[in-house]
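> From the two separate chains plus the hints, produce the assembled complex.
In case you want the letters, here they are:
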Amino acid sequence: MRYESLLDAFGGTPLVGLPRLSPGPDVRLWAKLEDRNPTGSVKDRAAAYMVAAAEKDGLLHPGSVILEPTSGNTGISLALVARLRGYQLICVMPENTSAERRLLLEAYGASIVSSPAAGGSNEAVRVAQGLAKDHPDWVMLYQYGNEANARAHYETTGPELLTDLPEITHFVAGLGTSGTLMGTGRFLREHVPGVQIVAAEPRYGELVYGLRNLSEGFVPELYDESVLTSRFSVSSADALRRTRELLSEEGLFAGISSGCVLHAALGLAAKAQAAGQRADIAMIIADAGWKYLSTGAYGGTLAEAEARLEGQLWA
Amino acid sequence: MAIEVRIPTILRSYTAGEKSIEGSGSTLDELFADLDGRYDGLRERLIDEAGLRRFINVYLNDEDVRFLGGLSAPVSDGDTVTVLPAVAGGAR
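Chains D and L are the protein sequences, given in the same order. Sequential numbering from 1 applies to the first sequence in the working numbering. Sequential numbering from 1 applies to the second sequence in the working numbering.
Just chain L, with the same shape it has in the complex (with noise of 0.2 Å):
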């Protein structure tokens, strides 16, 4: 078992198009850093110096890694990880 990585369109150039990846580490640092080494640019489109990049939302299950540690997150296998953009979202 892998850690399933859920990648949104606008970041599928990384990925061959690929919607879901696979990668593995304790950490959301450490799966960041594994994926990086096949899927060249994609760690650098996610985090700079600060961390998880601004309109970057990540989710661990479901919940956003911000509220449980951010990068440092701990992350285990059969965990679902969904990166999306930050957007105004719908009806307000």
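So that you can see chain D by itself, here it is in the shape it has in the complex (with noise of 0.2 Å):
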């Protein structure tokens, strides 16, 4: 495959098979390997739909300043996308994500601002909104409520998944802002009569739940229940545990997040295993492991892992 430059090289990614998982020949597991683009993560999809969108309606000059609260893959997609672009990225993320995160930022040259650990992403979207406000003419493309986040899945993600697999019955992504399950959600119901769309939701340490109040919940603005058949919970020890099936298994190095979404599939491949129903199920594999080796999430026993993971945003 040939490309004018490493920011069109996104999507396009392999779906491959999962044959020891799947629990037979009539239940099948399929795994979109995301990894496999510029950044190495599903986020470099919204990332360049983003960035086009705001460039098209002018938001976006050489030189502005884009600001985004990020504990990740998100930021590193931004800043490749900034750094070939020539625009600044401030990054607002969680004082708890990973050094690899942190140290891949910076060498793109994006400055990073830290959020208190507790209370996760949602401290780091309210110090981003205040800095927003402060700096009128920063650029804060906001993930969350962006509609070229969910569009970039619906016009590429959605339509590579169908191509690949039309008879395709579940799809099983990760559940953050939203963006991967509601637009390749939405393409596939429009495409496939009784697919069902489901969510994976990583289980944190109570550290991560530390709101003073209810009241200051959070639900990204794209999120849209009626494009979902359900929503699962994993906790961190289920994903762990499923994160090192995959790679013991399959030979499949995923990140945390890939393991809670296995949880999620292996429990509607059970369920459709003992219902005698076909079922080919397609999930997204967000990201690979490398950025989580400093987390010990690979090395020792589970219970080790899942103690140095405990107060880690790992999804």
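Hints in this document: simulated from the structure, not taken from any laboratory. Remember, it's a predicted structure, so these values are computed and weren't measured experimentally. Watch out, some of these pointers could steer you wrong.
Heads up, simulated EDC-like pairs for lysine to aspartate or glutamate below, C-alpha to C-alpha not over 20 Å straight-line [stated by the list, open to error]: (1) D:K271 x L:D62; (2) D:K271 x L:D79; (3) L:K19 x L:E4.
Structure representation (structure tokens):
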């Protein structure tokens, strides 16, 4: 494959079968390898679309400052786009995110503003909104509410899946901004009668839920419940165990959010198998494991890894 | 056997600091009503006239109850119900 530049080389990722994790020939799991994107995550799709939309709307000019609350992949994706298109990037990220992410962002030339660990990304969003108010000339793309985020998946991820797996019965992805699920989900629902769109949501330790009061909760503006069929909450322990299974059973070195997605997908697979129904379940591998090595997720016993992960944002 | 209900830090002032409490009922609505008898004010923090509060997520055996019929979701002994505040989560 040939592209004009790295920015044009996102998408078109492989869909690979997971024969060892699939329950049988009629219930099959398929992994879409989003780590095969320019910066190694699914977020390259959203970043490309959000920046293109902002340029089209005349919001970005050479030297413009992009501000974004992101503790990882979106920031890294935006950092690449910013570098190549001549923008500055400031990321607001919770202080309890892995060292690799910070180092990567700095390597690309982005600046980092830390937000308190307690409250997780909610807090980062709040800090970023405050900064945006103080600096009206900065451009916040705001992945949680930017329609171009979901549109990236409606126009690329969804069609790619349908081409590679026309017999798809389930689509499973991690729930964060909800962009992947909303965009891909809407596209698949329009083209595949009865397809199930399933969200897998990471369940963190208590620190992350440490809100001062419940009116400060957060639901992404992109999130539309009617697109989903169901939504599962997956513990760190289950996500870790499944992340290791991806590696040991299928040789797939994935990030921890992919373990979360696999856990939900295996639940659906078991249900279909028990009911004697055919299923072709596509799941998103959002990124590879490199950025999580320092979390200790892949070494020692599961209990040790879980203890090390407590209080960290792993997806 | 009863239904286990896991309570987030932020609501433990209603449960005398307990992380996990037990209740009974055949639907989520009945379960919350049962809990309200012993944990005064808890139910009101979870639901309003429209149903589950916007920033409250409730999971029945790890599945979001909004996709299982909401407050009408059937529950039974041995189930685990987890209450969590809606958060932006982790790394995006």
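> Determine for every hint whether it applies to the structure shown.
Cross-check of the supplied hints:
As the CA atoms of K271 of chain D and D62 of chain L are separated by approximately 15 Å, the hinted pair is consistent with the 20 Å bound. Of the supplied pair hints, the one linking K271 of chain D and D79 of chain L holds, its CA atoms being roughly 18 Å apart against a limit of 20 Å. Pair hint K19 of chain L plus E4 of chain L holds up; C-alpha atoms about 10 Å apart against a cutoff of 20 Å.
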